[in-house]
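2 protein chains.
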Amino acid sequence: MLKNVHFLEKPEEEELKQRLGKAREKLFGQQMLLKDHKVPVLVLVEGWGTAGKGSLIGNLIQNIDPRFFKVAPMEDAPDEEEKRKPFLYRYFSKIPEAGKFMFLDSGWMGEMTGMCLHEGMSQKDYEQRIESIRRFERQLTDNGYLVVKLFCHISQKEQKKRIKELIGNIDTKWRVSEEDKWQNKHYEKCGLVFDRYLEDTHAPSAPWYVIDAKSKKWAELQALDILTQGIEIALQNQSLAVPLLQNVFPLVKMPKLAEVALDQSMEDKEYKGELKTLQFQLQELHNRLYRMKVPVVILFEGWDAAGKGGNIKRITEALDPRGFEVHPIASPEPHEKARHYLWRFWTRLPKTGHIAIFDRSWYGRVMVERLEGFCSENDWKRAYNEMNEFEKELHDWGAVIIKFWVQIDKDTQLARFEERRDTPEKRWKITDEDWRNRQKWDQYEVAVDEMIEKTSTSYAPWHILESVDKKYARIKALKIVIEEIQKALKG
Amino acid sequence: MLKNVHFLEKPEEEELKQRLGKAREKLFGQQMLLKDHKVPVLVLVEGWGTAGKGSLIGNLIQNIDPRFFKVAPMEDAPDEEEKRKPFLYRYFSKIPEAGKFMFLDSGWMGEMTGMCLHEGMSQKDYEQRIESIRRFERQLTDNGYLVVKLFCHISQKEQKKRIKELIGNIDTKWRVSEEDKWQNKHYEKCGLVFDRYLEDTHAPSAPWYVIDAKSKKWAELQALDILTQGIEIALQNQSLAVPLLQNVFPLVKMPKLAEVALDQSMEDKEYKGELKTLQFQLQELHNRLYRMKVPVVILFEGWDAAGKGGNIKRITEALDPRGFEVHPIASPEPHEKARHYLWRFWTRLPKTGHIAIFDRSWYGRVMVERLEGFCSENDWKRAYNEMNEFEKELHDWGAVIIKFWVQIDKDTQLARFEERRDTPEKRWKITDEDWRNRQKWDQYEVAVDEMIEKTSTSYAPWHILESVDKKYARIKALKIVIEEIQKALKG
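The listed protein sequences derive, respectively, from chains H and D.
First residue of the first sequence: 365, per my numbering; consecutive thereafter.
First residue of the second sequence: 365, per my numbering; consecutive thereafter.
Among the hints, a few may not be true.
Pairs count within a copy or across copies, as identical chains cannot be separated in the list.
To be verified - With a Cα cut of at most 20 angstroms, we get these calculated SDA-like pairs of lysine to any residue:
#  : residue 1 : residue 2
1  : Lys745    : Asp589
2  : Lys617    : Asn368
3  : Lys386    : Ala811
4  : Lys488    : Leu556
5  : Lys367    : Asn611
6  : Lys447    : Ile497
7  : Lys367    : Lys756
8  : Lys677    : Glu789
9  : Lys851    : Pro614
10 : Lys367    : Glu753
11 : Lys818    : Val369
Calculated directly from the structure, the hints in this document are not laboratory data.
Looking at chain H on its own, in the form it has when it is part of the complex (with noise of 0.2 angstroms):
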C-alpha cells in the first residue's frame, strides 16, 4: 500500500480551513449519536516515527467531551506484567466501551513490525501473529466495533529534516528516540516491513488507510474524513449478522450429556487418603509451574448445585495464595457489558507462573446469554469459534487450559436444592433464579451438548466430572489438574 499509495492533493489553505471547520463540527455532533447507538470506537493510529501520531491525535479529540474518549500512548515498551499476559493483552485491555472512543498511539502493529525489524521473526511466527492480529480485529468488528487503522506516512527525506530540526532544537530534543533515527537509517527496510504488514492486514471491514502527514493540518483533515465517515457507516448498522466460519481447530469427540454414567462413587477412607497425596502434589507442581513461568486457566462450568464451589476449594487448598486467583463470574457490570463479551475475561488472565480460576466464564454466552436472549443468534453462534480463537491464543501463548463440566442429574439437584432451602446456614446458596433456571433444564441440556461438543478442541478439551457423589468428582478434578500440569511442564 506504501509503494503504490496515492494522496489526495492538499487544498489550499483557506479550503483546508473552511474544511477543517466543518469536518470538526460533524465529529463534534456525532459523539451523541455513537453513545446512543452505543458504537464503540478504536482508531489505531501507527505510522513513521515524527511522522505526528501524537499531535494528530491531539489534535482529533479536541473535538470529543473528555468523558467519551481515552488515549493509551503506547510507545512505550510493554512492562513487566504486560510481558507477563498475551501479546494481545495489552490492546484487549484498551478497547473502548460501547459509545466511546479509545484512541492508540501505536499498538499492535508497532509492536509486531517492531519485532520484525529488531529481533526477527521466523515466517511461521509471522504468519501465526498476523492470523491472531486478523481474528483480534474480526472479533472486535464482528461484535459492533468501529475500528479504524490509519497510518501516517512520511517520505525519508522529510522524516531526516524533522529528526534535524527536532534535535537542533534543546526543548524538542528528547522527541527523538533512538527508534525514529534507526528508521531514517534503514527507511527503505522499514517501509518494506510496514507495506507487507498494511497488505496482511488489510480486511474490508477493517481497512487501512495511509494518510500524507506531511502537513499537520492536511493530516488531521484527512484523519477527521475518514473517522467520521466510518462513523456514518457505523451508525446505519443495527445489529449486523456476520458469517459463520467452518471450524479450524481439532476437535474431541465428547459424549452428549445423557450419555454419561454418574454412578461412580468413593468411600470415604479413600477419599481422604487421596485427596492429601494429591493435594500434596498439586501443591509441589505450583512451585514448579511458578518457577517455569506457566500460566495456567482452570474453569468450571456446571449445573446449579452441582459441586463447582467444593471442587474450587478442593484445589485452592493445595494453592500459595500469593500464585492464584478465583474469579466467581456474575452477570457483567455496567462497564463489562459495554464491552466485547471476552474483555472481562481478558483483563482477567493470569500472569505466567500464576493460575487463573474461574467459577463459571465466557461460556455464559452460548448458555445462559442463549437462552434468555441477552445477545442475538448470530452473536451466540458466533461465540463457538471466537472462544476457540480465544483459548488458542492462551494455547499458543504457552497456558495450560482446563475446562470442567460438572454434571449431576435432576433429581440430586432437587434433592440439593431442598435441602439448601431447609438448612437456614445454607439457603443463602439457593435463590429464586436457581429454580427459575431450573424449569429450563432441556433447553440448558442442548446448549450445553452443543457448546462441549464445539469447543472440546484438542488444546482445550472439556473434561466431565460426575458429581453425583461430590468426593468421587473432586478428585478425578484433582487428577485431572495435575496431569495436565504435568503435561505441559514435560512439553
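Starting from the structure of chain H, add chain D where the hints point.
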C-alpha cells in the same frame, strides 16, 4: 486450510438421514424468504476432480423450485467469445438475480489454479489476479450478495480409487478427464496450489468452507448446513453499510465544471475539413485495432441537450459497423435492476478488437441514482471505488478507456430545450424529465464535480468537451479518441 482442515465426524446412517431431511426442508422453506428479501445467492462449488461437485449441486437443487435457480457448469475451458473478454466476464455475467440462486460447478478458482498448475504464473500476475478476484467477491458481498464458497475435498487415495472405479465401468469412463488423472499423479503439488488460493481468498464476508466429500450424503449435509446457515444470516442483514475504502488508484487533477471556459468555437469550413481528415484517420485506426485485437470502451456523459448523440454520430460514421456497437443506457430493465448495478455493463463489454460506445454509462450510479435516492448513500459513495476497480480490470485486460463529459452552461441548455420544444421534428427529444432534471442543475453539478474528481484515474481519466459550440466539441472528441487509440497501439 486443506493441510489443517479438521472435519466433523460423519454421523451414523440414521442420524445422517434425519438431519438431511431437516436440512433439505429448511432450504426449501428459505427460497420464498430469499425472494421476499431480494437476496441473490451465488454458490461456488470447487474441489478435486471426481470429488462429486456436479452431483453435490444436483442434490442441492432438488430442494429449490426450478424458477429460483440456475446451474452454470464451467468445467469446459472458456469459449472463443469468452476468451475475447476480461477474465472475470465469464463469472460476472453469470451472477444471479435478487432472490435467486446461481450454482457454479467450478469457477474462477478452478480457472486460476488451473493456470497456475499448467501454464505457470509469475508472482506479479498471481497477485494481480488474486487482487482482482478479491475485489470481485467484495463487490458482490458489499452489494448484498450472499457468496457461498465450497471446496470438496478428498484424499489422494480416495481420488485414485474413484478414478479406477469410474474407468473400470464403460458407462462412467467418460467422466474421468485427463485433468483428473493428472491431479491424482500430482496430488501434493495441486494441494499446495489449492491451499494457497484458499488462504489468499478467505475473507470474513465470503469465507471458504472445506467439505469432507468422501461420502455423498455426508457432503450434501455439510453443504446444506453451510448454505442454509449463510442464508439465515443474509436474511438478517437489511441494507448493510460497509466501510469505504481509501482510493488506491492514481488520480489526475481535474478542474471543477465552473472553471471550464466555454467560449471555444470553430468555423464551419475548418470544422468540415478537420472532420473529414480525422474520420479518415479513425477509420484507418479501427482496422489496426481490429487486427491487433485491442478493445476500446468509449463513454459519453453530459447535460441533457449537450450534444452526446451528435458526438457519437461523428465517431461511428468513421467506423466499420461490424466492429462497434453503441449502447444507449436508459434506466435498467427489471432483470438488470435485480443484479449488481455493473452487471449490465459487464455484459455489454466489447470483444477484443471491437469498440463499445456507451451513451450514458455506469456513472448514473453517482448522478441520477444518487440524486433521486435510487440507491443508498453508502451505495453511491462506495461506487467511485467500484468504478475505478471496474475500469482497472478493463485497463489490465488491455482496453482503451475514453470517458467524455459533454459540458454546456445552463443558458445554452435552456435555448436548446426551447428549440426542441418549438421544432416539431425535434420534439421527441425533449421530455418532462429533462425539465425536471434541469431544476436540479446545481445538485447535479456538485455530483458531477465529485465524480470527475474521484474517478479521473490515470488509466481512465475524464475528458471534458466544451460543447456550447458543438463543432468544436466534436472535433475535440475525435482528436482525443484518435490520440488515445494511437497511444495504445504504440504501447
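We went through each hint and held it up to the structure:
no.: 1; hint: Lys745 with Asp589; result: between (35 angstroms within a copy, 13 angstroms between copies)
no.: 2; hint: Lys617 with Asn368; result: between (49 angstroms within a copy, 17 angstroms between copies)
no.: 3; hint: Lys386 with Ala811; result: between (51 angstroms within a copy, 19 angstroms between copies)
no.: 4; hint: Lys488 with Leu556; result: both (18 angstroms within a copy, 16 angstroms between copies)
no.: 5; hint: Lys367 with Asn611; result: between (36 angstroms within a copy, 14 angstroms between copies)
no.: 6; hint: Lys447 with Ile497; result: within (17 angstroms within a copy, 40 angstroms between copies)
no.: 7; hint: Lys367 with Lys756; result: between (34 angstroms within a copy, 18 angstroms between copies)
no.: 8; hint: Lys677 with Glu789; result: within (18 angstroms within a copy, 97 angstroms between copies)
no.: 9; hint: Lys851 with Pro614; result: within (19 angstroms within a copy, 57 angstroms between copies)
no.: 10; hint: Lys367 with Glu753; result: between (33 angstroms within a copy, 18 angstroms between copies)
no.: 11; hint: Lys818 with Val369; result: between (43 angstroms within a copy, 15 angstroms between copies)
In terms of the numbered hints stated before, the structure departs from none.
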